[in-house]
Amino acid sequence: MNRIATRTVRRMSAQRAAVIWAALAACTAAVFVASLSLGSVSVPLGRVFAALLPAHAMPADLGIEIVRSLRLPRALAGFSCGALLALGGALLQVLLRNPLAEPYVLGVSGGAASFALLAMSAGCAIWLVDASAFAGALASILLVLGLARRELWRGEPQDTSPRLLLTGAVVAAGWGAAITLLLTVAPENRLRGMLFWLTGDLNGGGMPWTALAALVVALLAIVPAAPQLNVLLRGDAAAQALGVAVVPLRLRIYLVASLAAAAAVTTGGTIGFVGLVVPHMVRLAFGNDQRMLLPAAALGGGVAVMGADLVARTVIAPAQLPVGVITALIGVPVFLWMLLHRRRG
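Numbering (our numbering), first residue to last: 1313 to 1657.
A few of these clues could be false.
[Stated by the list, open to error] Label-pair distances were calculated between CB atoms; the ranges are:
{"no.": "1", "residue 1": "1493", "residue 2": "1525", "range": "31 to 37 Å"}
{"no.": "2", "residue 1": "1532", "residue 2": "1493", "range": "19 to 25 Å"}
{"no.": "3", "residue 1": "1358", "residue 2": "1475", "range": "55 to 61 Å"}
{"no.": "4", "residue 1": "1627", "residue 2": "1518", "range": "52 to 58 Å"}
{"no.": "5", "residue 1": "1381", "residue 2": "1554", "range": "49 to 55 Å"}
{"no.": "6", "residue 1": "1334", "residue 2": "1525", "range": "26 to 32 Å"}
FYI, nobody ran anything at the bench for these hints, they're computed from the structure. Glycine included, C-beta positions come from ideal geometry on N, C-alpha and C.
Please work from the sequences and hints to get the whole structure.
Right, here's the structure in full:
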């Protein structure tokens, strides 16, 4: 049986938990401030903090305008995307009881990318591209929900996660073929923008209110069910025997994780490795107690994408790299290190 399913939920002292939470909060604040200050044009910290004051309280100059109009929306978009992806990855690792599960495994990103690329190739406005991405993500969610309805709604005490995983993999493969077709026939003058979006693009403009609202709703919907998720890790049969309503809980996990991925992809494109690596890193610090893991994974994912975006904006400034390239370059060696660490442990 899978390690995620069988690992005992590890408790930790309140003192150790407080220290880890404080370190994570401090890291979040530091990366957030650095994201506002650093870039092709450096903004002094004093102007950064002034930019966070109400507009009428501080007259705008160039530095304040850069922070308010460009860097603050981008930093919040990065935080919300990373938090949604990490939260979705942690939830799917519980639902599928598979340590390699991540938010894109059920085809949500493929549907979003297919619809978004179709809108880009037609020359649609940015808001219509975002709307198309969300529509594609919802279409993929409904498609998997329809194809795997027996698995999601099955009441028998047996493990249905392999069938759900295979259904999502088939849907994702279909979307992958559609993406390849769209890139092949795309107009030459729009191909670079399409490829940039596919590898993560937080330069959407405007405050990411939709992604931030989706993050709040996802946390409110799933964190209260964390004790039941701890029981579900033991398997469907054990959870049912202990009084957990497995079918509604399984459906809630799927919907929250999928909608979180949909909101993230709509805001920042497809940013890989965050939903896979961050939950494992948080699990090393907090253990497998979902009451601690879920909010910590959201916070850690936000920090990871904000940091990756900071590197993407500064390493070859004034040019920019796709955020997904940075997350992959960092995520691959980190994940390999964790595999070696676990094997030795």
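Evaluation of the provided hints:
no., hint, verdict
1, 1493 / 1525: 31 to 37 Å, "33 Å, holds"
2, 1532 / 1493: 19 to 25 Å, "39 Å, violated"
3, 1358 / 1475: 55 to 61 Å, "57 Å, holds"
4, 1627 / 1518: 52 to 58 Å, "25 Å, violated"
5, 1381 / 1554: 49 to 55 Å, "52 Å, holds"
6, 1334 / 1525: 26 to 32 Å, "27 Å, holds"
Hints 2, 4 from the earlier list are contradicted by this structure; the remaining hints agree with it.
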